[in-house]
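Trainee: Sequence:
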Amino acid sequence: AGGKLYWRERGTGSSAGRILRANLDGSDPEVLVAGLASEGRTLALDLEAGLMYWGEPGEGVYRAALDGSGSELLVANQFGGAQDMVIDTLQDRLYLAASDRIIRCELTPVSCSALSNERASALEIEGTTLYFLKRSNGSLWAADLDGQNAVQVSFGLPHMQDFRLDTANGHVYLAEPFLLRADLDGSNQVSLVAGIGTDLHDVAVDGAGERLYFSDFTERTVTTAGIGDLLFTSLFLDPDTSSDFAEIRGIALDPDQGRLFFAQGLLAPNGGIWRIDLATPSRTQIVTGLNVAHDVAYDPIGDKIYWTTGLDDPTVKIQRSNPDGTGVEDVLTDLPNLVRGIEIATVRRKVYWTDMANGQIHRADLDGSAPEMVVSGLDRPHDVAIDSTAGRMYWVEGIQGNDVPGASIRSSTLDGAGVVDVVTGLSRLTRDLTFVYHRRLPFFADGFESGDTSAWSGTLP
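For what it's worth, my numbering labels the leading residue of the sequence shown as 1, then goes sequentially.
Derived from the structure by calculation, the hints contain no laboratory data. No incorrect hints appear here.
Cut-off 30 Å, straight-line C-alpha distance, at most; resulting in silico cross-link-like pairs (DSSO-like, lysine-lysine):
id : residue 1 : residue 2
1  : Lys317    : Lys350
2  : Lys304    : Lys350
3  : Lys304    : Lys317
Here are the computed distance ranges between Cβ atoms for each label pair:
id : residue 1 : residue 2 : range
4  : Arg348    : Thr89     : 55 to 61 Å
5  : Thr129    : Thr346    : 55 to 61 Å
6  : Ser282    : Pro314    : 31 to 37 Å
7  : Ser69     : Ser369    : 54 to 60 Å
8  : Gly418    : Pro371    : 21 to 27 Å
9  : Asn117    : Gly70     : 32 to 38 Å
10 : Ala370    : Ser69     : 52 to 58 Å
11 : Glu126    : Pro336    : 56 to 62 Å
Positions of the beta carbon are idealized from the N, C-alpha and C atoms, including for glycine.
Using the sequences and the accompanying hints, generate a full structural model.
Mentor: Dropping the structure here:
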């Protein structure tokens, strides 16, 4: 909108909700409004008037300038929790999907009335027609702007959450657990995005093959997509419901051999390291008996995989093996609790890892000798990535807690000098946030307990 992307974050605390905006490439994010109810979800923009609107449960509808200034309570609460809202700029009206009805508000002067008793989850206005999505069965309906003459336009899907119209091309886009496109009458359904999951944990990239790979902690899947497209495909053809594949965590890619490795974060003796052969894709557990495997890294020069494992001292360690799981050996043992991210600096022949408990990043030779701390004073750093070409490392910190500005991606030289912020003001996460390097773009997986998950990219300094 106006060359900017606006969004509302629900957060993880009672007053952790925020409204933010950024450039369309994700750069320069800024917080416009903070301290909102975490259960709130509505946001609507009127670009011509330079205004934005949002609903606060138990309070009503607020209005402010697009930069967040001049916030005012526009409509005191006279309805249940709002599911969606849309602005009719031509008629100077606001339409609201409340918990038990659809409401229309005249904005000059302000007055509101109920149009119908429909329980809608999403609204859209096209010309003189109001479209709404029924919460009961996910069916799409159309009515006059006064709520009269409602007719069903499209099928119903039980988990439908939102929709957008493309009337010029005769399409409707609907968000279920996948992104669906159909004709306006519901025919010719095409699934555009499937299986991206609910709790993204880690991301890997195949630069030559132009593909991204995501692990999903809750859905127990690994998903792939072409960089720049929307065609996501689950490498596990169906989400695994077996406990054998629960808690998929860190992933590492060997694109030359077409292999992907992932860490399984179950308690001993069920934790382990798995390998997916991408051409099949078949999966094989290659290392067993681990006590919560956290992250995994691959060294293409030495043809070894490394991983962090352990929940409490003295089980916390870094280990390595051959890609088939043979030759398991300890690299570093008796490490502090909360050792998480791991990465290989292939040129310098070093292994780097994060120490969340002490706020540090360490490194050692690949055999575990000459360990040293390279960065300290960090806010619970979680994952680490290496740009060997530029001689820099990147990490994510601040993933827990409620203080501002939230999580961030930071960078330094491989020796820990010249620490700079890359991305700040990211939402606090209940699981993990990681990124990998490709074309000097960081990709990072944003996983929320609420299920709102995203994959983002930005520009490196």
